[in-house]
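Engineer: Could you slot chain B onto chain A? The hints should help.
There are 2 protein chains.
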Amino acid sequence: MTSLSTPSTAIAPWRSPLAHALHRNRSLPFSRYLQLATIRCDHTPANRTVVFRGFFAKTNQLMFISDSRSEKTDQIAQQVAAEACWYFTKTREQFRLLGDLTLVTASSEQTNLSDARTQLWQSISDSARLQFAWPQPKAPRSPDSAFSPPAPDAQIPPSTFCLLLLAISKVDHLALRGDPQSRCLYEKLASSNASNPHEQWQVTAVNP
Amino acid sequence: MTSLSTPSTAIAPWRSPLAHALHRNRSLPFSRYLQLATIRCDHTPANRTVVFRGFFAKTNQLMFISDSRSEKTDQIAQQVAAEACWYFTKTREQFRLLGDLTLVTASSEQTNLSDARTQLWQSISDSARLQFAWPQPKAPRSPDSAFSPPAPDAQIPPSTFCLLLLAISKVDHLALRGDPQSRCLYEKLASSNASNPHEQWQVTAVNP
Chain A
33 MTSLSTPSTA
43 IAPWRSPLAH
53 ALHRNRSLPF
63 SRYLQLATIR
73 CDHTPANRTV
83 VFRGFFAKTN
93 QLMFISDSRS
103 EKTDQIAQQV
113 AAEACWYFTK
123 TREQFRLLGD
133 LTLVTASSEQ
143 TNLSDARTQL
153 WQSISDSARL
163 QFAWPQPKAP
173 RSPDSAFSPP
183 APDAQIPPST
193 FCLLLLAISK
203 VDHLALRGDP
213 QSRCLYEKLA
223 SSNASNPHEQ
233 WQVTAVNP
Chain B
33 MTSLSTPSTA
43 IAPWRSPLAH
53 ALHRNRSLPF
63 SRYLQLATIR
73 CDHTPANRTV
83 VFRGFFAKTN
93 QLMFISDSRS
103 EKTDQIAQQV
113 AAEACWYFTK
123 TREQFRLLGD
133 LTLVTASSEQ
143 TNLSDARTQL
153 WQSISDSARL
163 QFAWPQPKAP
173 RSPDSAFSPP
183 APDAQIPPST
193 FCLLLLAISK
203 VDHLALRGDP
213 QSRCLYEKLA
223 SSNASNPHEQ
233 WQVTAVNP
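Protein chains in written order, with my numbering: chain A, 33 to 240; chain B, 33 to 240.
One chain only, chain A, in its complex shape:
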């Protein structure tokens, strides 16, 4: 079964099963954790856990936070493609989300992105904020005292704080529960683009 989503909706059709999964797994805080794969400058894959921070404004772009000192920054500068793998343990379903990353840094000049970065900084916990004042990640271990810096300004994000956006072009949703299992592919059509809120998606039920 292949069908086109209604072109008048700005919400991509994979958002509905994803919202349903988030709701049904909401009792488990780690249900907002997913694994983000990127490609290193030496062309090997990199894979790490990130925390889903909601969608950017009225788009279908996932938001994460990132430290400008992490290796992701260099990787994204060279290759924006990324695939997130999001497994929900309670409902036993997986979303694979392929797309392109945008890193919003302190020097971003686009007002809406810069504002979103600031708002996200203000919304995260004190302990999450503190990590951006910690010593250089992956440098030889600093003394414990270096991990108790003064609390950073809760209003103005430090230069190390980045907003990371993932704009999705393909989604592969696999539900392991059910006999037989179900699997659905979502593909954004080429006519869609970031400036067009009326994205068109092709939705296809496939074999698991």
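Treat the hints with caution; some may be incorrect.
With a straight-line Cα cutoff of 30 angstroms, these simulated DSBU-like cross-link-like pairs (lysine-lysine) come out [unchecked claim]:
{"#": "1", "chain 1": "B", "residue 1": "K122", "chain 2": "B", "residue 2": "K90"}
{"#": "2", "chain 1": "B", "residue 1": "K202", "chain 2": "B", "residue 2": "K90"}
{"#": "3", "chain 1": "A", "residue 1": "K122", "chain 2": "A", "residue 2": "K202"}
{"#": "4", "chain 1": "A", "residue 1": "K90", "chain 2": "A", "residue 2": "K122"}
{"#": "5", "chain 1": "A", "residue 1": "K122", "chain 2": "B", "residue 2": "K170"}
{"#": "6", "chain 1": "A", "residue 1": "K170", "chain 2": "B", "residue 2": "K202"}
{"#": "7", "chain 1": "A", "residue 1": "K202", "chain 2": "B", "residue 2": "K170"}
{"#": "8", "chain 1": "A", "residue 1": "K170", "chain 2": "B", "residue 2": "K170"}
{"#": "9", "chain 1": "B", "residue 1": "K122", "chain 2": "A", "residue 2": "K122"}
{"#": "10", "chain 1": "A", "residue 1": "K90", "chain 2": "A", "residue 2": "K202"}
{"#": "11", "chain 1": "B", "residue 1": "K202", "chain 2": "B", "residue 2": "K122"}
Some but not every residue of chain A turned toward chain B, in silico, with C-beta under 10 angstroms [said to hold, decoys possible]:
{"#": "12", "residue": "L68"}
{"#": "13", "residue": "R124"}
{"#": "14", "residue": "L129"}
{"#": "15", "residue": "Q168"}
In short, the hints are calculated from the structure, not lab data.
Glycine included, C-beta positions come from ideal geometry on N, C-alpha and C.
Structural biologist: Using the frame of chain A, we list chain B on its own:
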């Protein structure tokens, strides 16, 4: 703190904290699920959940199972590098395991690999075995009846069944519990190779 592991041990030093994590999270069946990132033929990253099936014989290679009809097969033929991201929800720790994949298929001529493939087939559940007799993955959805094929031979693996091995060269272990968090890097030294059971690893405590 940087130190060399004892060269006389065949067990890599990251195996100890990993075994500890598996033990402490053993009440949760999904603690054996991890996310494996590879690179697609179009150079975008791919990322999916796989199930840890133990270590291959007396090596430090992780075992997974794979369907020869899945896209992983083509990806591995072109690029063997992969990174597994393994997050343990109960103990809040992450292992990033970078290495090279080996796909052991029905036509593998190495006896020890071929035997391991057969043994793994015999050890998995009936329902796991049945999936290798299901219709072509990702093809347009087949009727439900196609997902109830006759049970495959439990002794002899079908041609679709593959053993997937991940030989590790780098590990990044991050423990989020603890104040401050701890992070440790393990790197296999170039002098080590698969035929030498006495792998040498460099272990370095770094900033989280």
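Engineer: Hint by hint, say whether it matches the structure.
Structural biologist: Going down the list of hints, with the structure as the test:
1. For the proposed pair K122(B) and K90(B), the alpha carbon gap of about 28 angstroms is at most 30 angstroms, so the pair holds.
2. Annotation: proposed proximity of K202(B) to K90(B) holds, straight-line Cα distance about 18 angstroms (limit 30 angstroms).
3. Proximity of K122(A) to K202(A) is assessed by CA-CA distance (about 24 angstroms); at most 30 angstroms being required, the pair is judged to hold.
4. This hinted pair checks out: K90(A) and K122(A) have alpha carbons roughly 28 angstroms apart, not beyond 30 angstroms.
5. Proposed proximity of K122(A) and K170(B) is supported: the alpha carbons are some 24 angstroms apart, at most 30 angstroms.
6. Between K170(A) and K202(B) the alpha-carbon distance is near 14 angstroms, which keeps this suggested pair within the 30 angstroms criterion.
7. Among the hinted pairs, K202(A) with K170(B) is consistent with the structure: their alpha-carbon atoms are about 14 angstroms apart, no more than 30 angstroms.
8. Between K170(A) and K170(B), the direct Cα distance comes to roughly 40 angstroms. Violation of the 30 angstroms bound is thereby established for this hinted pair.
9. For the hint pairing K122(B) with K122(A), the CA-to-CA distance comes to about 14 angstroms; that is within 30 angstroms, so the pair holds.
10. A C-alpha spacing of about 19 angstroms is found between K90(A) and K202(A), which places the hinted pair at or below 30 angstroms, so the restraint holds.
11. With a CA separation close to 24 angstroms, the supplied pair K202(B) and K122(B) stays within the 30 angstroms bound.
12. The beta carbon of L68(A) comes within 8 angstroms of a beta carbon in chain B, closer than 10 angstroms, and the hint placing it at the interface holds.
13. Restraint check, R124(A) versus chain B: the minimum CB separation of about 8 angstroms is within 10 angstroms; hint holds.
14. Using the Cβ-Cβ criterion of 10 angstroms, the hint placing L129(A) at the interface with chain B is satisfied: the shortest such distance is roughly 9 angstroms.
15. Satisfaction of the interface hint for Q168(A) is found here, the shortest Cβ-Cβ separation to chain B being roughly 6 angstroms, below the 10 angstroms cut-off.
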